[in-house]
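Visitor: Protein chains in written order, with this note's numbering: chain A, 27 to 478; chain B, 27 to 478.
Check each hint, because a few of them may be wrong.
If several chains are the same, the list does not tell them apart, and a pair holds so long as it fits within one copy or across any two.
Subject to a maximum C-alpha distance of 30 angstroms in a straight line, what follows is the list of computed DSSO-like cross-link-like pairs (lysine-lysine) [stated by the list, open to error]:
1) K40 / K56
2) K309 / K440
3) K409 / K231
4) K231 / K186
FYI, nobody ran anything at the bench for these hints, they're computed from the structure.
Everything numeric in this text was worked out from a predicted model, so none of it was measured.
There are 2 protein chains.
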Amino acid sequence: MIQNKQEIIQLLLKYLEEQNHDKIQEFLEKYQPADIAEILKDMDAAERGKIFKLLDKGAAALVLDMLDIGTITSLLETLGPQYIAEILNEMSSDDAADLLGHFPEELRNTLLGLMQAEDAGEVQGLLEYDIESAGGIMTTEYVAIPKDITAGKAIEILRKTAPDAETIYYVYVVDSQNRLVGVISLRELIVADPDTLIEDIMHKKVISVSVDMDQEEVAEVVSKYDFLAVPVVDHDNRLVGIITVDDVIDVIYDEASEDIFRLGGSTELVDDYVGTRISRALKSRLPWLSVTMLEGIIAGQVLRGLENELRAVVALAFFIPLLTGMGGNVGTQSATVTVRGLATGDIDENNVLSVIFRELLTGVLLGIINGILVGSIAWVWQKNAVLGFIVGLAMVGNMTIAALMGALVPLTFKKVGIDPAVASAPFITASIDITGLLIYSTLARLFIGFLL
Amino acid sequence: MIQNKQEIIQLLLKYLEEQNHDKIQEFLEKYQPADIAEILKDMDAAERGKIFKLLDKGAAALVLDMLDIGTITSLLETLGPQYIAEILNEMSSDDAADLLGHFPEELRNTLLGLMQAEDAGEVQGLLEYDIESAGGIMTTEYVAIPKDITAGKAIEILRKTAPDAETIYYVYVVDSQNRLVGVISLRELIVADPDTLIEDIMHKKVISVSVDMDQEEVAEVVSKYDFLAVPVVDHDNRLVGIITVDDVIDVIYDEASEDIFRLGGSTELVDDYVGTRISRALKSRLPWLSVTMLEGIIAGQVLRGLENELRAVVALAFFIPLLTGMGGNVGTQSATVTVRGLATGDIDENNVLSVIFRELLTGVLLGIINGILVGSIAWVWQKNAVLGFIVGLAMVGNMTIAALMGALVPLTFKKVGIDPAVASAPFITASIDITGLLIYSTLARLFIGFLL
Chain A
27 MIQNKQEIIQ
37 LLLKYLEEQN
47 HDKIQEFLEK
57 YQPADIAEIL
67 KDMDAAERGK
77 IFKLLDKGAA
87 ALVLDMLDIG
97 TITSLLETLG
107 PQYIAEILNE
117 MSSDDAADLL
127 GHFPEELRNT
137 LLGLMQAEDA
147 GEVQGLLEYD
157 IESAGGIMTT
167 EYVAIPKDIT
177 AGKAIEILRK
187 TAPDAETIYY
197 VYVVDSQNRL
207 VGVISLRELI
217 VADPDTLIED
227 IMHKKVISVS
237 VDMDQEEVAE
247 VVSKYDFLAV
257 PVVDHDNRLV
267 GIITVDDVID
277 VIYDEASEDI
287 FRLGGSTELV
297 DDYVGTRISR
307 ALKSRLPWLS
317 VTMLEGIIAG
327 QVLRGLENEL
337 RAVVALAFFI
347 PLLTGMGGNV
357 GTQSATVTVR
367 GLATGDIDEN
377 NVLSVIFREL
387 LTGVLLGIIN
397 GILVGSIAWV
407 WQKNAVLGFI
417 VGLAMVGNMT
427 IAALMGALVP
437 LTFKKVGIDP
447 AVASAPFITA
457 SIDITGLLIY
467 STLARLFIGF
477 LL
Chain B
27 MIQNKQEIIQ
37 LLLKYLEEQN
47 HDKIQEFLEK
57 YQPADIAEIL
67 KDMDAAERGK
77 IFKLLDKGAA
87 ALVLDMLDIG
97 TITSLLETLG
107 PQYIAEILNE
117 MSSDDAADLL
127 GHFPEELRNT
137 LLGLMQAEDA
147 GEVQGLLEYD
157 IESAGGIMTT
167 EYVAIPKDIT
177 AGKAIEILRK
187 TAPDAETIYY
197 VYVVDSQNRL
207 VGVISLRELI
217 VADPDTLIED
227 IMHKKVISVS
237 VDMDQEEVAE
247 VVSKYDFLAV
257 PVVDHDNRLV
267 GIITVDDVID
277 VIYDEASEDI
287 FRLGGSTELV
297 DDYVGTRISR
307 ALKSRLPWLS
317 VTMLEGIIAG
327 QVLRGLENEL
337 RAVVALAFFI
347 PLLTGMGGNV
357 GTQSATVTVR
367 GLATGDIDEN
377 NVLSVIFREL
387 LTGVLLGIIN
397 GILVGSIAWV
407 WQKNAVLGFI
417 VGLAMVGNMT
427 IAALMGALVP
437 LTFKKVGIDP
447 AVASAPFITA
457 SIDITGLLIY
467 STLARLFIGF
477 LL
């Protein structure tokens, strides 16, 4: 986003050499935390530490939140845990918990020990929650007001708490037991008569999420209702935190990446592609390859059953890549559409049958179109009508099964509680290889008499 | 999200029958627009129209924005264009333009003609922009203030304009030529001394997007800086609109879906999976299948060159699915990681070489591990050491090339301006089938003497 990053870095290094610290501070004030993070990422460890230390602690907290774990670790080494703990005190509790969650336990405890007791307590509380649940992404820095004060008084409270709150654009209303009873937006407070009671202008039907809701569902709620934040409640409807839209955006990016990686047959994490070590990349890919290997061997065993026919008519072998390739293609298409439909909520229990029927019909139609085409090509190419007939018919069966499996496998996974995205391209295609070759070899054995 | 949708619908139908319109209005007031939209979707056209007409126009506008195009068309048929035009007047200009952009030109012009001149003009202006650009997703309902007023005066302006503005949480500051010179958040206005001049407290370094920026880039800007809204400027830095975070969330969902579909080898749109006609599904899938078919035939031609060897050693055919399957798997993995890295900005010009090197190394390592494994299996299974050697060595070559192609093809596409996601699983796997079989048949021909 910043055009002249290298120039900026050169300038900062020059100021550093001149020990012109005021100039550096003045210069950095003009940039957004995200930009400063980008600049720091591209510097050497020693200079990075010096520049970071020149930021005031509030700004440093915002910058730290934007940095990747590698850069943060380098700052930790250069500046020491005491300094980083001071910055963590300034961070919002959810961001601090997020960051600490990435560290090994020992380092995490050292840093928590160095933080202020109150902040450390809040962060420790958040660390208890599953990192992919509402509790794991929420912040405890929200504004809550009692219902029996006036709009004017509420704005006064906001004036005081604004610097510490993550957002003041929604104000949550609680009763004496801290139970969530209403919500009012800052926008509504601004236009309200200052003497009105909050109780009379608040919305009583508040949409909230439970502290153990999965983060993907939280993202759906926020995006469905176009919220800027959503309150998080425990099982007694007591307000325990809020989740803001910027964190939801991160969730949406991460969940989409996770689905894309799983569909592509690897479990690699999105966080830092280039930083991921090769050993980790191998580890995330090998399990999928083992599945494919096993299925490849089964497919080979199926072909072994066709040994005599293959020996008699070698041309049968020429169509193996065509059949498996096109079947895999159709299966991947169906699986992709189904997995994404499940992720966006487009497919639910009400229309699951129509989805299956639809894919079945699509498979049959694609099979007929492509079967006629491929069959004709095989006939002309190998000058053998029977071979063309076998290949064409195998294509119809193959594509029908492929489309059906592409829809059924992710749906079944969802039903039994496995992430449907695990029904990835490699998994689906390899399974379809087996069924496709079974159909092909059955047909070949049936009609071998006419081939010779 | 709403648990008892069917019960709610039954209740509404009962009230309708009793002509108890007050009760219906009172009942619906408790629900969010998104929930009312969900309820309406599941009703019959006639009753849907009656309920929709009972909503006050402001609420109806919010509900209309949440409905899919099929349901809106049904409302249009039941209630007539005049009524819908009245609701469009109440919608924010970007949502109205979005909706009208989905209609055929004639209907669009009819509706624009029936709308109030001022609203219609704004909407028409927005319809000029590319729907995937900043101009296409922005709204013109923002709050802009001059820089020489006080904070107190600014809040007063906000009080008046709040009902019409899309967001008042960011207030943009413009000069006499409507050029963007600053920004201040409502939060900052609230805590500021009412007598301070805006000029003295506003942020002068405003991050804005250009009206023709691609929506995917806009989403990156908003998510990078954790903004609730971003201003849109023309080429003279004049403020022409704003884009709010809720629209950005829609963009992120849509772009992720588009990538996922393309990776899966179909161009189907996400909007309304179940509503997409089969004919359209076929149309989006067939082009990819033709590519696969062509490549399958080429792969067949490669095998044809191995005809004599296959006749002599039929077992060579048994390993075709294993080789193509595993090669395709590695290629898909590499392509997925690369495409997603490009989409999230993780991969850029600075690290493209290290990405290629990394995938190459991964391919070689995966090839060696799997080659040894598969080769040993082939040896034991077919009791033929030479066959095991050929299959194992082919696997090494195949996986190396597969990983390299998986990274290079999307990178090349990006370079020449094609969406890298087009380097989809089917495209990559089919190409890898050909190279893999070329390697395999070359090795088989070289070593056939030892096989017999």
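Visitor: A separate judgement is required for each hint: does it hold in the structure or not?
Guide: A quick look at each hint next to the structure:
1. K40 / K56: For K40 and K56, the Cα distance is within 30 angstroms only inside one copy (18 angstroms; across copies 62 angstroms).
2. K309 / K440: Answer is both: 25 angstroms inside a copy and 28 angstroms across each meet the 30 angstroms cutoff.
3. K409 / K231: neither (73 angstroms within a copy, 73 angstroms between copies)
4. K231 / K186: both (27 angstroms within a copy, 26 angstroms between copies)
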